[in-house]
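**Q** These protein sequences, in sequence, are chains P and Y. The working numbering puts the first residue of the first sequence at 124, with every later residue one more than the last. The working numbering puts the first residue of the second sequence at 13, with every later residue one more than the last.
Don't take each hint at face value.
Not the full set, but computed from the structure, chain P residues with beta-carbon under 10 Å of chain Y [unchecked claim]:
| no. | residue |
| --- | --- |
| 1 | S134 |
| 2 | W135 |
| 3 | L137 |
| 4 | L144 |
Just so you know, the hints here were simulated from the structure itself, not pulled from any lab data. Quick caveat, the model's predicted, so the values are computed rather than measured. Where is the CB? At the ideal position from N, CA and C, for every residue including glycine.
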Amino acid sequence: MSADSGDRRSSWSLHVLGEVLSSFSVEDPGAVARVVDRLAESVDAEVVVVIRRGRVVAAVGVDESSTADLVEVATARPAEVRLGHIGSHHSSLALYWSPLDGEDVVVVGRFDEPFDLEERSLLRAIGRSLALSFRALDALEAERRARDELDQALTVATHRATHDQLTGLPSRDLVIETLDRRLRDASPVELEHTYVFFLDVDRFKQVNDVHGHAVGDQFLVALAQRLRHAIGPGDQCGRLAGDEFVVVSRQKSPEAAEATAAGLFRALVDPLDLDGRLIVPSVSIGITSAAPGDVAESLVDDADLAMYRAKQTGRGRVVVFDPQLRTATEQRAGIEADLRQALRGPGEFVPYFQPVISLVTGRVVGFEALVRWLHPTRGVVPPDEFVPVAEETGQIVHIDARMLRSACARLAEWRRLPGMDDLTISVNTSARSFADPLLPSRVAEALDLSGLPASALLLELTESVMMDEGSGDSETVQRLVEIGVRLAVDDFGTGYSSLRYLREFPVAVLKVDRSFTSQLGHDREDEVIVESIVGMARSLGLAVTAEGVETRAQADRLVELGCGYAQGYLYGRPVDTAAATALLLDGAQVSA
Amino acid sequence: MNADRPIDDRPVGGEDVDGDAGGERWIGAGGSTETDVDAAVDSALNAALGGRSPSLVVVFCSTGYELAAVARRVVDRVGDVPVIGCSTSGEVATDGPTESGLAIWALGGDGFEVTARLGQGSPEGLRSAAAEAATCVEDLDDGLASVLVLLADGLCGDQVEVVRGAYGVAGAAVPLVGGCAGDDLAMQQTEQLFGDQVTTNAVVAAAIRSDAPVGIGVAHGWREVGEPMLVTGSSGVVVETLDDRPALDVYLDAFDAPASVREDESAFVEFAVVRPLGIVRRDRSEIRYVSGADYAARTLTRIAEVPSGAAAHLMEGDDHTVLEATDAACRQAFEGLEGRDPIGLLLFDCVARRAVLEDTGIRQEVDRVAEVSGGVPVAGFYTYGEIARTRGAGGFHNQTLVVVAFA
Numbered sequence: 124m125s126a127d128s129g130d131r132r133s134s135w136s137l138h139v140l141g142e143v144l145s146s147f148s149v150e151d152p153g154a155v156a157r158v159v160d161r162l163a164e165s166v167d168a169e170v171v172v173v174i175r176r177g178r179v180v181a182a183v184g185v186d187e188s189s190t191a192d193l194v195e196v197a198t199a200r201p202a203e204v205r206l207g208h209i210g211s212h213h214s215s216l217a218l219y220w221s222p223l224d225g226e227d228v229v230v231v232g233r234f235d236e237p238f239d240l241e242e243r244s245l246l247r248a249i250g251r252s253l254a255l256s257f258r259a260l261d262a263l264e265a266e267r268r269a270r271d272e273l274d275q276a277l278t279v280a281t282h283r284a285t286h287d288q289l290t291g292l293p294s295r296d297l298v299i300e301t302l303d304r305r306l307r308d309a310s311p312v313e314l315e316h317t318y319v320f321f322l323d324v325d326r327f328k329q330v331n332d333v334h335g336h337a338v339g340d341q342f343l344v345a346l347a348q349r350l351r352h353a354i355g356p357g358d359q360c361g362r363l364a365g366d367e368f369v370v371v372s373r374q375k376s377p378e379a380a381e382a383t384a385a386g387l388f389r390a391l392v393d394p395l396d397l398d399g400r401l402i403v404p405s406v407s408i409g410i411t412s413a414a415p416g417d418v419a420e421s422l423v424d425d426a427d428l429a430m431y432r433a434k435q436t437g438r439g440r441v442v443v444f445d446p447q448l449r450t451a452t453e454q455r456a457g458i459e460a461d462l463r464q465a466l467r468g469p470g471e472f473v474p475y476f477q478p479v480i481s482l483v484t485g486r487v488v489g490f491e492a493l494v495r496w497l498h499p500t501r502g503v504v505p506p507d508e509f510v511p512v513a514e515e516t517g518q519i520v521h522i523d524a525r526m527l528r529s530a531c532a533r534l535a536e537w538r539r540l541p542g543m544d545d546l547t548i549s550v551n552t553s554a555r556s557f558a559d560p561l562l563p564s565r566v567a568e569a570l571d572l573s574g575l576p577a578s579a580l581l582l583e584l585t586e587s588v589m590m591d592e593g594s595g596d597s598e599t600v601q602r603l604v605e606i607g608v609r610l611a612v613d614d615f616g617t618g619y620s621s622l623r624y625l626r627e628f629p630v631a632v633l634k635v636d637r638s639f640t641s642q643l644g645h646d647r648e649d650e651v652i653v654e655s656i657v658g659m660a661r662s663l664g665l666a667v668t669a670e671g672v673e674t675r676a677q678a679d680r681l682v683e684l685g686c687g688y689a690q691g692y693l694y695g696r697p698v699d700t701a702a703a704t705a706l707l708l709d710g711a712q713v714s715a
Numbered sequence: 013m014n015a016d017r018p019i020d021d022r023p024v025g026g027e028d029v030d031g032d033a034g035g036e037r038w039i040g041a042g043g044s045t046e047t048d049v050d051a052a053v054d055s056a057l058n059a060a061l062g063g064r065s066p067s068l069v070v071v072f073c074s075t076g077y078e079l080a081a082v083a084r085r086v087v088d089r090v091g092d093v094p095v096i097g098c099s100t101s102g103e104v105a106t107d108g109p110t111e112s113g114l115a116i117w118a119l120g121g122d123g124f125e126v127t128a129r130l131g132q133g134s135p136e137g138l139r140s141a142a143a144e145a146a147t148c149v150e151d152l153d154d155g156l157a158s159v160l161v162l163l164a165d166g167l168c169g170d171q172v173e174v175v176r177g178a179y180g181v182a183g184a185a186v187p188l189v190g191g192c193a194g195d196d197l198a199m200q201q202t203e204q205l206f207g208d209q210v211t212t213n214a215v216v217a218a219a220i221r222s223d224a225p226v227g228i229g230v231a232h233g234w235r236e237v238g239e240p241m242l243v244t245g246s247s248g249v250v251v252e253t254l255d256d257r258p259a260l261d262v263y264l265d266a267f268d269a270p271a272s273v274r275e276d277e278s279a280f281v282e283f284a285v286v287r288p289l290g291i292v293r294r295d296r297s298e299i300r301y302v303s304g305a306d307y308a309a310r311t312l313t314r315i316a317e318v319p320s321g322a323a324a325h326l327m328e329g330d331d332h333t334v335l336e337a338t339d340a341a342c343r344q345a346f347e348g349l350e351g352r353d354p355i356g357l358l359l360f361d362c363v364a365r366r367a368v369l370e371d372t373g374i375r376q377e378v379d380r381v382a383e384v385s386g387g388v389p390v391a392g393f394y395t396y397g398e399i400a401r402t403r404g405a406g407g408f409h410n411q412t413l414v415v416v417a418f419a
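Full structure from sequences and hints, please.
**A** Shown next, in the form of structure tokens:
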């Protein structure tokens with residue numbers, strides 16, 4: 124041992140306090156343990172235990188059992204204890220209890236040698252500084268916790284802002300942002316291999332309408348889950364809106380991309396059992412690949428166009444984007460704008476009339492009203508150029524309403540001609556119009572204004588419109604029945620040909636599709652179909668009109684098969700009001 | 013060795029040991045400077061064992077030998093007996109000090125129970141390694157050791173943590189002794205030995221339970237130079253400022269260091285080894301060895317921490333005071349034997365003391381130990397730090413002699 128001077132020793136405790144203070148850090152969770160080490164070493168103590176809120180937060184020199192003993196006597200704070208666990212050769216442990224805040228305490232123990240005044244003073248000062256440090260630590264901890272909670276809340280908020288709440292998939296914004304970044308950072312080769320798949324669920328509205336929105340939501344969640352599992356590593360999927368999903372994927376070639384689309388399709392279309400309801404999903408998929416200069420929005424739009432074409436060509440298909448689709452879209456946009464303009468005025472949409480002939484008498488028994496657009500610059504625009512656009516935009520509802528009023532008014536005029544009071548009129552009714560709850564009141568209004576009896580009016584629907592309606596007990600159908608209006612099923616035989624809707628809807632006429640008529644005399648199978656339709660109609664008490672009759676031979680065969688009515692070029696093309704009136708005035712005998 | 017169970021439970025093997033470890037209790041020691049590894053081991057081991065079967069073998073070995081070869085030879089000879097050891101910067105055996113040699117210390121016979129463990133260090137330091145090694149105390153039958161011998165890497169991080177780690181496991185009832193391994197002052201890398209395994213950045217420990225008392229003596233013999241200073245800047249083992257001045261400048265100026273020491277690192281190490289720092293404590297100074305200097309940063313490097321806020325003295329010594337400390341440490345150790353005679357000693361002597369004493373002095377030191385102990389077997393080594401905890405929680409020393417006497 125060195126010979127230390129008394130003067131110097133008198134300040135040892137001050138320096139020890141300095142050491143302990145400098146070892147405390149609120150940034151380092153291990154700092155308390157370090158302070159406890161220093162404290163023990165500074166006064167040659169064997170034991171140091173820090174008790175906060177009845178719990179030991181740091182200890183040296185004692186095992187758990189002895190620590191528990193010290194905690195137990197913390198309230199009494201004895202000046203010495205005997206701890207059997209520490210060793211038999213030590214008789215007793217002198218203790219000093221240095222108070223912290225409240226009941227918190229640091230207990231320091233030394234075998235056989237009580238702490239002198241200077242040591243007690245030092246331990247008390249260290250206790251005070253520890254208490255202050257703990258307060259700082261608590262405040263810092265609270266701040267950290269608050270910051271963590273804020274960070275967590277921000278993370279949740281960010282996730283909410285960038286992910287679809289229903290499916291958990293990235294939202295449109297995130298998909299676009301990520302795709303833009305990917306396009307920006309990609310090498311030319313990577314860019315070329317970047318593909319966007321746009322998926323739209325077929326007939327999702329029907330799922331919602333038939334099964335309710337809750338099941339519709341479950342349906343989307345299930346599809347999202349399948350999509351998530353179907354994509355490859357490094358691919359991203361997202362929900363753009365409603366029933367629209369997107370996948371961004373790396374593909375080696377257009378062929379590989381089509382194979383991937385087929386894989387996605389297969390992954391999605393297995394039947395889903397949702398609360399006991401079996402639903403068979405179908406999707407239409409559009410594909411496009413990136414090129415230099417592309418941005419995410421335009422790529423997704425291109426894939427959307429391709430998807431749209433897939434829908435147009437029959438749903439459940441995959442279509443690869445072609446720049447012509449964009450041209451078609453631009454044309455479509457032009458038509459849409461012109462339609463909007465046309466609907467502002469009264470006279471651009473007019474009915475043309477095609478006669479319907481009784482195959483028994485050869486007389487005109489009625490007309491089918493067909494819409495024509497008298498475009499101010501393009502002349503007469505055929506329906507196939509504008510009806511699909513009008514159907515998509517909903518403008519068809521207004522066009523149908525106008526046709527209904529005009530056709531009814533015209534028929535009322537004709538029925539006033541001698542011998543014409545039993546003429547009927549068929550008016551085409553689009554899916555949109557049929558789904559419009561205002562349809563019955565429009566029909567009633569057209570009949571009122573024209574003075575026609577309801578029996579003179581046939582609303583012509585395709586099979587698919589009836590299928591989309593779901594069942595014949597809808598309010599629209601019920602009101603039409605009340606009004607007394609009957610339905611004609613257009614293009615019969617090409618769709619579902621379900622007997623159910625023939626029973627449930629007020630169907631009066633089946634119209635045999637022109638594809639069958641054209642094969643009469645050539646294709647035995649088609650003849651059998653026509654014969655079956657006629658037979659079925661007869662047994663159900665329905666009339667049958669053959670469409671697209673162009674030859675005498677077809678007409679004769681139809682007569683042989685028992686078909687009652689016909690229309691087609693053989694009897695007259697669709698003509699304007701004047702020509703139709705002339706036809707009637709000429710005697711309404713149109714036998715070729 | 014399998015460190016998961018008490019080693020002394022295993023059968024004792026070896027070619028030239030007789031029977032089991034029972035019989036009269038004994039301690040043996042031997043040294044050798046023969047260049048051939050096997051010959052050196054055989055020579056030292058023969059002297060230490062004297063044909064007896066040991067319960068523990070401790071090897072102190074110069075880096076001049078391949079320590080792995082030494083370990084293999086020892087294990088070949090003694091079989092499945094606890095063997096611990098380390099590299100050194102000089103060795104001590106009963107016959108005297110050696111340089112570039114090896115010393116072997118062994119004990120056996122009735123009344124000794126020994127377990128041993130290895131703790132491998134982590135990038136954070138040796139604390140966890142020491143704690144792991146110290147669990148050998150729990151392997152003893154009654155879980156209470158008379159002494160725990162620790163041999164730690166001498167160049168890895170803060171050596172104070174070795175004592176803290178071991179104390180945390182062994183607790184207040186078990187005295188800690190030991191030393192930090194050396195590398196013949198190359199200051200590059202030290203090695204630790206456990207059975208036939210040689211490693212670095214580790215702590216090896218042997219827990220010894222003895223039926224007879226174990227005495228521990230600690231003394232250094234350094235004296236203070238000038239007024240104490242405040243450690244105003246310190247991070248870990250680097251002292252940045254003393255009294256708010258660059259620590260290196262304060263140090264060099266206080267000792268009026270020659271020009272070579274101010275620019276040559278090896279000259280500085282040689283100069284500093286006999287000029288430590290002393291941290292002011294309650295009733296003593298804790299010596300801290302200055303192991304190097306950073307001339308650019310003007311800082312001092314140490315192998316154990318000098319905490320900010322501490323009061324520190326510059327210290328120096330001479331052969332007279334250092335030898336006086338030898339006497340004091342021996343006296344203190346013998347006092348712990350409760351009137352019984354020692355049967356053997358372990359020494360952990362700082363390499364700096366060797367530098368002060370030089371060849372003649374260290375010979376005298378070992379002679380004095382032999383004289384006061386009655387010529388009992390002695391072995392030890394010159395260390396990079398000494399461990400002696402008999403009271404309180406602390407017990408790491410520098411530039412100090414630790415004497416462990418077994419009755």
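**Q** Does each hint fit the structure? Answer for all of them.
**A** Results of checking the hints against the structure:
Checking S134(P) against chain Y: minimum C-beta separation of about 7 Å stays under 10 Å; hint holds. Interface restraint check for W135(P): the shortest CB-CB distance to chain Y comes to about 5 Å, inside 10 Å, so the restraint holds. For L137(P), the interface hint holds, since its Cβ comes within 10 Å of a Cβ in chain Y; the closest pair sits about 8 Å apart. Interface hint at L144(P): satisfied, since its Cβ lies 6 Å from the closest Cβ of chain Y, which is below the 10 Å cut-off.
Hint compliance for this structure: no hint is broken.
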